[in-house]
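Colleague: The lines below spell out each chain.
Number of protein chains: 4
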Amino acid sequence: MKKPQLPPTEAISSHPGLKTTTDNWFEYPIRVYPHHTDYAGRVWHGTYLTWMEAARVECLLSNGIDFAELVNLGCDLPVIDLAIRYHQPLALGMNAIVKTRMKEITGVRIHWDYKIQSLDTEQTYVTARVTLVAIDRDKGKILRQLPPGVKTVLSQLQKG
Amino acid sequence: MKKPQLPPTEAISSHPGLKTTTDNWFEYPIRVYPHHTDYAGRVWHGTYLTWMEAARVECLLSNGIDFAELVNLGCDLPVIDLAIRYHQPLALGMNAIVKTRMKEITGVRIHWDYKIQSLDTEQTYVTARVTLVAIDRDKGKILRQLPPGVKTVLSQLQKG
Amino acid sequence: MKKPQLPPTEAISSHPGLKTTTDNWFEYPIRVYPHHTDYAGRVWHGTYLTWMEAARVECLLSNGIDFAELVNLGCDLPVIDLAIRYHQPLALGMNAIVKTRMKEITGVRIHWDYKIQSLDTEQTYVTARVTLVAIDRDKGKILRQLPPGVKTVLSQLQKG
Amino acid sequence: MKKPQLPPTEAISSHPGLKTTTDNWFEYPIRVYPHHTDYAGRVWHGTYLTWMEAARVECLLSNGIDFAELVNLGCDLPVIDLAIRYHQPLALGMNAIVKTRMKEITGVRIHWDYKIQSLDTEQTYVTARVTLVAIDRDKGKILRQLPPGVKTVLSQLQKG
Chain P
1 MKKPQLPPTE
11 AISSHPGLKT
21 TTDNWFEYPI
31 RVYPHHTDYA
41 GRVWHGTYLT
51 WMEAARVECL
61 LSNGIDFAEL
71 VNLGCDLPVI
81 DLAIRYHQPL
91 ALGMNAIVKT
101 RMKEITGVRI
111 HWDYKIQSLD
121 TEQTYVTARV
131 TLVAIDRDKG
141 KILRQLPPGV
151 KTVLSQLQKG
Chain G
1001 MKKPQLPPTE
1011 AISSHPGLKT
1021 TTDNWFEYPI
1031 RVYPHHTDYA
1041 GRVWHGTYLT
1051 WMEAARVECL
1061 LSNGIDFAEL
1071 VNLGCDLPVI
1081 DLAIRYHQPL
1091 ALGMNAIVKT
1101 RMKEITGVRI
1111 HWDYKIQSLD
1121 TEQTYVTARV
1131 TLVAIDRDKG
1141 KILRQLPPGV
1151 KTVLSQLQKG
Chain B
2001 MKKPQLPPTE
2011 AISSHPGLKT
2021 TTDNWFEYPI
2031 RVYPHHTDYA
2041 GRVWHGTYLT
2051 WMEAARVECL
2061 LSNGIDFAEL
2071 VNLGCDLPVI
2081 DLAIRYHQPL
2091 ALGMNAIVKT
2101 RMKEITGVRI
2111 HWDYKIQSLD
2121 TEQTYVTARV
2131 TLVAIDRDKG
2141 KILRQLPPGV
2151 KTVLSQLQKG
Chain E
3001 MKKPQLPPTE
3011 AISSHPGLKT
3021 TTDNWFEYPI
3031 RVYPHHTDYA
3041 GRVWHGTYLT
3051 WMEAARVECL
3061 LSNGIDFAEL
3071 VNLGCDLPVI
3081 DLAIRYHQPL
3091 ALGMNAIVKT
3101 RMKEITGVRI
3111 HWDYKIQSLD
3121 TEQTYVTARV
3131 TLVAIDRDKG
3141 KILRQLPPGV
3151 KTVLSQLQKG
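These protein sequence lines are chains P, G, B and E, in that order.
If you read the first sequence in this note's numbering, its first letter stands for residue 1, the second for the next number, and so on.
If you read the second sequence in this note's numbering, its first letter stands for residue 1001, the second for the next number, and so on.
If you read the third sequence in this note's numbering, its first letter stands for residue 2001, the second for the next number, and so on.
If you read the fourth sequence in this note's numbering, its first letter stands for residue 3001, the second for the next number, and so on.
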């Protein structure tokens, strides 16, 4: 594997709805479009995973880790474990905030927490946990350690 | 809510790959098409949820419960909890079997187990648990009990 | 059908990347996430339809038409015709602008033009045309005319 | 690019619903699951593209062309043009047949026709055209000619 080096650390994203709150949640706003819904007029249960992925990629990017660049350098971060609880449904046209927070790193496993809430935080629609693992794309094997740049950034995220 | 009655109990599906094994797993065969994959050439982690849903609907149908009919009668069965573990990736063009089994009913909650395996059962790609809850579509509320016909069928599934 | 009335005309959306250019294209920015891609590392050809829908819904909303509200009032606008040409592929991590413009109304048919371009407009990735038709949700039939409020707004869009 | 050679010509698929009719349409049966639908209880307009792709891959496979193998050999067949007309909607739980037929080859462009119909062929839900182009994956460029094995098979398909 080519040695993955940390992409430039300046935040690239200027998407205005994105921000990090004082309690360290990264916020990614969404709106429910027709293709997100199912026959019930509610968000289909698998759709949330697309938003959770988008929030995670944007969170990393806003902290200087360009996911596409990481992949090109030979490091991938597939999901190996996911648990999601559906508290209240989101319906067509509704707005919500996908909140994500890197919880901890155990070796090359990266654990993320999620909650999807109404804009006023009164309603919680979904809570979830996702675990990623760092793998060497060429060898198709789990890395023995995180690429240094990635580890530095994630450690800082962890501290808040 | 209109009283949901059990749809005719003859199995409607004649999809030939579908069958129930002696240990009570319902089997739904899949092949990986381009739209199932992501940049890594592997199945994107959310794609598995579409297959799990398809297997569940076909399992119910082969036991005489037509999901669309149930919905028309006013009863919905949304997913309220889901946990999935990714053991080995499936890649473009690969075949696999999605196995599902109704595990237990607790009130109006229906618990399903899943494993996605290679045709020879040597490889396990994914294991998962999914919980559904029965709701009254008109009222948008959780039902106090399962519609009688549904309960009868599911109880039989449970016994194996 | 309940008579669809025009939702309040103030623009509700405050998504900062959204804007209308002088030549009347509504602009909806996107970034390519893993779930948008396929095995080739490029955007899967069907993914573009989700972005085109999102751009259309946001364009309507920014002009005072809340699509979810319209649906609740009994008017739906399903796609009845779509043509899309793929000029250059978008790859994982890339940014682009989905541009949409209401082209013309013929009776209850609404025609939209699309182009998906690089931020600097040097590259055109996709061009497309989409036709919607207004239907009465209760009757499941094509409306004889557009709801008055919708027609007024769309006519203004058409004028630029 | 490694020279793509024709995969073994015996038909690999044994999916029982798949067959080729006397007028040369390849038939791929589908059933509408919840994740295929949108708020209207109908199939979301982009879902049809997943079925059209599945039908195309199965049609090629039943004629001895394993798409995944072709990709591994360095030849890709991305969609470059697509037009689709929605005649009647499919709803949750409905069954239909996706029919596809290789229409003609013009250089390295492969044109396919589609119609999605009810089992009794009384209803036509969708008609569509899709054009693929053969590209060299390594160079990212359009091939000057189709890989010989592929050309032979497709020419036979064309003759019917």
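If you are wondering where the hints come from, they were derived from the structure by calculation, not from laboratory data.
It is possible that some hints are incorrect.
Partial pick of chain B residues on the chain E-facing surface, computed with a CB cut under 7 Å [as the list claims (entries may be wrong)]:
| id | residue |
| --- | --- |
| 1 | L2049 |
| 2 | G2074 |
| 3 | D2076 |
| 4 | L2082 |
| 5 | Y2086 |
| 6 | E2104 |
| 7 | I2105 |
Distance condition first, Cα-Cα at most 27 Å in a straight line; then the derived DSSO-like pairs of lysine-lysine [what the hints assert, rightly or not]:
| id | chain 1 | residue 1 | chain 2 | residue 2 |
| --- | --- | --- | --- | --- |
| 8 | P | K115 | G | K1141 |
| 9 | E | K3019 | G | K1019 |
| 10 | B | K2019 | P | K19 |
| 11 | G | K1139 | P | K141 |
| 12 | E | K3141 | B | K2115 |
| 13 | G | K1139 | B | K2115 |
| 14 | E | K3019 | B | K2141 |
| 15 | P | K139 | E | K3019 |
| 16 | E | K3019 | E | K3139 |
Since the structure is predicted, the reported quantities are computational estimates derived from the model, not experimental observations.
For glycine and all other residues, C-beta sits at the position ideal for the given N, C-alpha and C.
Colleague: Confirm or reject each hint.
Modeller: Each hint tested on the structure:
Look at L2049/B: its Cβ gets to within about 4 Å of chain E, closer than 7 Å, so that hint holds up. Restraint check, G2074/B versus chain E: the minimum CB separation of about 12 Å is more than 7 Å; hint violated. Satisfaction of the interface hint for D2076/B is found here, the shortest Cβ-Cβ separation to chain E being roughly 6 Å, below the 7 Å cut-off. The restraint placing L2082/B at the interface with chain E holds, with a minimum CB-CB distance near 5 Å, inside the 7 Å limit.
Taken as an interface hint, Y2086/B checks out: its beta carbon lies about 5 Å from the nearest beta carbon of chain E, inside 7 Å. Here the hint on E2104/B is broken, as its CB sits about 18 Å from the closest CB of chain E, past 7 Å. Interface hint at I2105/B: violated, since its Cβ lies 19 Å from the closest Cβ of chain E, which is beyond the 7 Å cut-off. Taken as a hint, the K115/P and K1141/G pair is honoured in the structure, with Cα atoms around 23 Å apart against an allowance of 27 Å.
As the CA atoms of K3019/E and K1019/G are separated by approximately 21 Å, the hinted pair is consistent with the 27 Å bound. Of the supplied pair hints, the one linking K2019/B and K19/P holds, its CA atoms being roughly 21 Å apart against a limit of 27 Å. Straight-line distance between C-alpha atoms of K1139/G and K141/P comes to about 50 Å, which puts the hinted pair past the 27 Å bound. A C-alpha spacing of about 23 Å is found between K3141/E and K2115/B, which places the hinted pair at or below 27 Å, so the restraint holds.
Restraint check for K1139/G and K2115/B: the C-alpha separation of about 43 Å exceeds 27 Å, so the hint is violated. Restraint check for K3019/E and K2141/B: the C-alpha separation of about 35 Å exceeds 27 Å, so the hint is violated. Between K139/P and K3019/E, the direct Cα distance comes to roughly 40 Å. Violation of the 27 Å bound is thereby established for this hinted pair. The straight-line distance between the Cα atoms of K3019/E and K3139/E is roughly 36 Å, outside the 27 Å bound, and the hint therefore fails.
Checked against the numbered hints above, the structure breaks hints 2, 6, 7, 11, 13, 14, 15 and 16 and satisfies the rest.
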